[in-house]
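For the record, the sequence lines run as chains A and B.
For the first sequence, full-length UniProt numbering begins at 1 and goes up steadily by one.
For the second sequence, full-length UniProt numbering begins at 1 and goes up steadily by one.
Quick caveat, the hints were computed from the structure, so don't treat them as lab data.
Glycine residues also receive a C-beta, built at the ideal position from the N, C-alpha and C atoms.
Here chain A is said to cover these stretches of chain B; the calculated rule only asks that three of the stretch's residues, wherever they fall, bring their Cβ under 8 angstroms from a Cβ of chain A: (1) 150-159; (2) 168-174; (3) 177-191; (4) 225-233; (5) 315-326; (6) 330-344.
Simulated crosslink set (DMTMM-like; lysine to aspartate or glutamate; CA at most 25 angstroms straight-line): (7) B:K174 with A:E165; (8) B:K400 with A:D345; (9) A:K221 with B:E344; (10) A:K221 with B:E397; (11) A:K308 with A:E292; (12) B:K307 with B:E244; (13) A:K33 with A:E11; (14) A:K392 with A:E203; (15) B:K288 with B:D376; (16) B:K341 with A:D345.
Residue strings, one per chain:
Number of protein chains: 2
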Amino acid sequence: MAFTEFRPLDEKSLIEYIKTVPSLYSKLGSDLKVKEVGDGNLNFVYVVVSHAGSFVIKQALPYIRCIGESWPMTKDRAYFEAVALRELGRLNPEHVPEVYHFDHTMSLIGMRYLEPPHIIVRKGLIAGIEYPLLAEHMSEFMARTLYFTSLLYRSTTEHKRAVAEFCGNVELCKHTEQVVFSDPYKVSQYNHWTSPYLDRDAEALREDNVLKLEVAELKSKFCERAQALLHGDLHTSSVMVTHESTQVLDPEFAFYGPMGFDIGAFLGNLILAFFAQNGHADQVNDRKTYKEWILRTIEDTWNLFHKKFIALWDEHKDGSGEAYLPAIYNNPELRQLVQKKFMEDLFHDTLGFGAAKIVRRIVGVAHVEDFESITDASRRADCERRALEVAKLLLKERRKFHAISEVISAIQKLQS
Amino acid sequence: MAFTEFRPLDEKSLIEYIKTVPSLYSKLGSDLKVKEVGDGNLNFVYVVVSHAGSFVIKQALPYIRCIGESWPMTKDRAYFEAVALRELGRLNPEHVPEVYHFDHTMSLIGMRYLEPPHIIVRKGLIAGIEYPLLAEHMSEFMARTLYFTSLLYRSTTEHKRAVAEFCGNVELCKHTEQVVFSDPYKVSQYNHWTSPYLDRDAEALREDNVLKLEVAELKSKFCERAQALLHGDLHTSSVMVTHESTQVLDPEFAFYGPMGFDIGAFLGNLILAFFAQNGHADQVNDRKTYKEWILRTIEDTWNLFHKKFIALWDEHKDGSGEAYLPAIYNNPELRQLVQKKFMEDLFHDTLGFGAAKIVRRIVGVAHVEDFESITDASRRADCERRALEVAKLLLKERRKFHAISEVISAIQKLQS
Chain A
1 MAFTEFRPLD
11 EKSLIEYIKT
21 VPSLYSKLGS
31 DLKVKEVGDG
41 NLNFVYVVVS
51 HAGSFVIKQA
61 LPYIRCIGES
71 WPMTKDRAYF
81 EAVALRELGR
91 LNPEHVPEVY
101 HFDHTMSLIG
111 MRYLEPPHII
121 VRKGLIAGIE
131 YPLLAEHMSE
141 FMARTLYFTS
151 LLYRSTTEHK
161 RAVAEFCGNV
171 ELCKHTEQVV
181 FSDPYKVSQY
191 NHWTSPYLDR
201 DAEALREDNV
211 LKLEVAELKS
221 KFCERAQALL
231 HGDLHTSSVM
241 VTHESTQVLD
251 PEFAFYGPMG
261 FDIGAFLGNL
271 ILAFFAQNGH
281 ADQVNDRKTY
291 KEWILRTIED
301 TWNLFHKKFI
311 ALWDEHKDGS
321 GEAYLPAIYN
331 NPELRQLVQK
341 KFMEDLFHDT
351 LGFGAAKIVR
361 RIVGVAHVED
371 FESITDASRR
381 ADCERRALEV
391 AKLLLKERRK
401 FHAISEVISA
411 IQKLQS
Chain B
1 MAFTEFRPLD
11 EKSLIEYIKT
21 VPSLYSKLGS
31 DLKVKEVGDG
41 NLNFVYVVVS
51 HAGSFVIKQA
61 LPYIRCIGES
71 WPMTKDRAYF
81 EAVALRELGR
91 LNPEHVPEVY
101 HFDHTMSLIG
111 MRYLEPPHII
121 VRKGLIAGIE
131 YPLLAEHMSE
141 FMARTLYFTS
151 LLYRSTTEHK
161 RAVAEFCGNV
171 ELCKHTEQVV
181 FSDPYKVSQY
191 NHWTSPYLDR
201 DAEALREDNV
211 LKLEVAELKS
221 KFCERAQALL
231 HGDLHTSSVM
241 VTHESTQVLD
251 PEFAFYGPMG
261 FDIGAFLGNL
271 ILAFFAQNGH
281 ADQVNDRKTY
291 KEWILRTIED
301 TWNLFHKKFI
311 ALWDEHKDGS
321 GEAYLPAIYN
331 NPELRQLVQK
341 KFMEDLFHDT
351 LGFGAAKIVR
361 RIVGVAHVED
371 FESITDASRR
381 ADCERRALEV
391 AKLLLKERRK
401 FHAISEVISA
411 IQKLQS
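Next up, chain A with everything else stripped away, as it sits in the complex (with noise of 0.2 angstroms):
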C-alpha cells in the first residue's frame, strides 16, 4: 500500500504505514500494537509499542478533532510542529521527545513515546501530585528558547528568515486570536461557562471598557511582535512529567510572538489549578498543603526563568545578537538598566497574557479539566469567579506589579 496522498490513518492502516518506513519499522519486531491515545483537543495521537521499541504517531487532520469537521484547521499545523518540535529539541534536547519521522504528505509525525509514569501536568495538579523540578525545568526551557531565538542572541538575517517561515502558520495564530483574544469578550456560539452561576461575570466581561482596552494592546503584540519562536500553547497539558522528566509537547501553534505569551500561558494555568484546588478538596486532604506547593511553584518559575534568562545574556552578551551590541551596551551599570527594563516590560507582558489565558479557560470554547472535573457546579463556579477575579486585576493593573511575590499576594487574598 502506498501513501501518496493524504488520508486518515487508522490503527490498522497505520501498522501498513510503518511497514512502508523504515527509521520507524527499524525500531520495533512484529509483534507491534497501536493504540489511539490521543485525548486534547486538535489531532489523532497513537502509541506503538513492540518488545523491541516503541513511539507515538500524531497526525492532523483537516478540522480540530474535539469539535469535528465543521470547525476546520489546516493540516499543514503538523509541519510547523515537526520545525518547531526540531528546533526545541536542539535548544533543549532533556525536556523536548525527539522526533524520529515526518511526513509532510500525511500530517503526521513519529516521535519518542514517553514511557509511563509520565503523565500530563494538569492531571498531575488535579490529583495533587508535587513535581519538585518542575519549576527549575520550565523556567530553564523557557528561558533557553526564548533567550536563543530572540534578537538577545540572534542576527537579524537569521531572525527575519525564521520569522517569515513561522509566517506561514497562520491559521493556527487565527485561531488562538480568535479563541483567546475575542470569543470570550463577545457573544459568540462556541463559550460557554458554568452557567447560571457565571452568568453575570461572563456579561460583565463583555461590558467591561478598559479591560477590553487591555486585551487590544495584547491582541496587537501577540499579532505584530515578533520577539522569539513561542511554542504558542505552552499550557499545563501540553507538558508531561514524572519526578525526575519534563517534558514539553505539542507545539504546532508554534510562531514568532511576544516571549510573555508562553511564559503567561504557563503560569495562567498554574493560577487556574491553584484555584481549582477548592473543588478538589475532601475530608481526606484538604489541598492546602498542596495550593501552597502550587503558589511556591508559580513563585520559582518566575524567579528561575528571570535568572536564568539574565545568566544567558550576561554569558553572550559579546556575541553576534543583534539587539543590544557589546560596543554600545557593554558598561556594566547600561547593561543592568538595559535587563531591568527589558525584564520589567517582560513581566508585564507575562501578567497579561497569563490573565487572558485565565479568562478564556472559564468563559470561552475550550475549558480545563481542572474546574471540569468538579462535578458541583455551585462549587465550581465558586472556583472559577476567583480565577477570574484575579485574571482582571492582572490585566488592568499588571503594571503597578513589580515581583511574582506580590502577584502570589494577589492570589493568596482573593483564594477565600
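For this one, chain A is given, so just place chain B on it according to the hints.
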C-alpha cells in the same frame, strides 16, 4: 543585444536595453535622450526623454553608490522597491509615480518621470520655498498607507503573507539598524560630524545611558513590530513637489514595521530643515516667516494625519480588519477610548523615531544637505547642536508630550 544576466548600464547600453522592452520603447520616438541624474545615496537614475514621451530608469547596483563597492548592498532591493511602489501607488495613485516596467534580473525599474518644476522637498526647504499642500498631501499619503496595510484594515491572513514577503528585504533593514540605531551611539569609522565644534556633543551621545536605553526600545520596535507597510526611508529627499503635486519616491527600504518610523522620518527631517534655516538666513531674507511655515507644516502634518487616520478607522469600523472586531469594539465610547490610546502610543513612537533620525543625520554616516550647505562650520555646528538638543529631549521625554503643539513649543524654545 540580450540582457539575460545582470550588468550595470551606462547611458549608451541603456538605449540598447530600452529597445528590447516594448512597454518602454513604445512611449518614445527615435530622438530619445538619456541623462544620468541620480544624486541619491544608493542608485543610478536616468531620465529618458523624446518628443513623444519620457520616463525614468532606476538601476540598483550591488553596493551603495555614495560609498562605493566597499559597502555592498543587495541589488534585490530593486524588487522590494518595485513591489512597494506598486502597493503604495495602488493606495495613493495621486502621490506615487506609476511603475511602467520592472526587470528583476537587471534590478531595474522604469517609472514616470516627474517633470519640472518638480523638485526634491529638501532642496525646496533649503531654498525657502513654501508648499501649501505639503502637509495635506503627506498626511494623506501616510494615513492611507499605514491604515490600509495594518491589522486595523486587514485580516491576519493578508497581513502575515505580506509581512513574510517583506522579511526578504532584510539587507536594507539591517542597513537602517546600523546607521540609525547603532553607529551614532558608538565609535564607528563611518561617523562624522562638524568637528571640532561637535566633538563633545558626539561623545556625550555615546556616554548617555538613558538615551541609549530609549534607542534600544525603538530599535526593538523597528526589528520586531510588523504594524504596517512602511516606506522605510521617508525623509524629505524621498519626496518631490511642486505647488500642486506631492510625489513619494524611493521605497527600497520598505518593510512591515512600526508606523511611527515613517511619520517620524518625515517630521524629523522637517525639524532638521527648521534648525538649518538660521544657517541660510542672510540680509535679504532672515527666514523668520519661513521658519514659521515649517513649524506650521510639522503641526499640520501630524494633526491632519491624526484626523485622516481616525476618519479611515471610523469609516471602516465594520470591515474585516482583525485588530478591533466590531462585535467587541463597536460602542462609541469604547472606540474613542481605544483610538485615543492608539494615537497616543503612535505619537510617542513618532517622536522617538523622528528624534533618532535627527541624531543620525548629525553624527552618523549620511548627513543632510540642509546642514551641509551651510559653509561656515561654526554656524553650521550651532544649528546642528540645537537640533540635537531637541532630539535628545524627544528621545528621553517623549511620553510627556501629548500634542504636537507642545513639541512645536519645545522647538521654538531651543531655536535661539
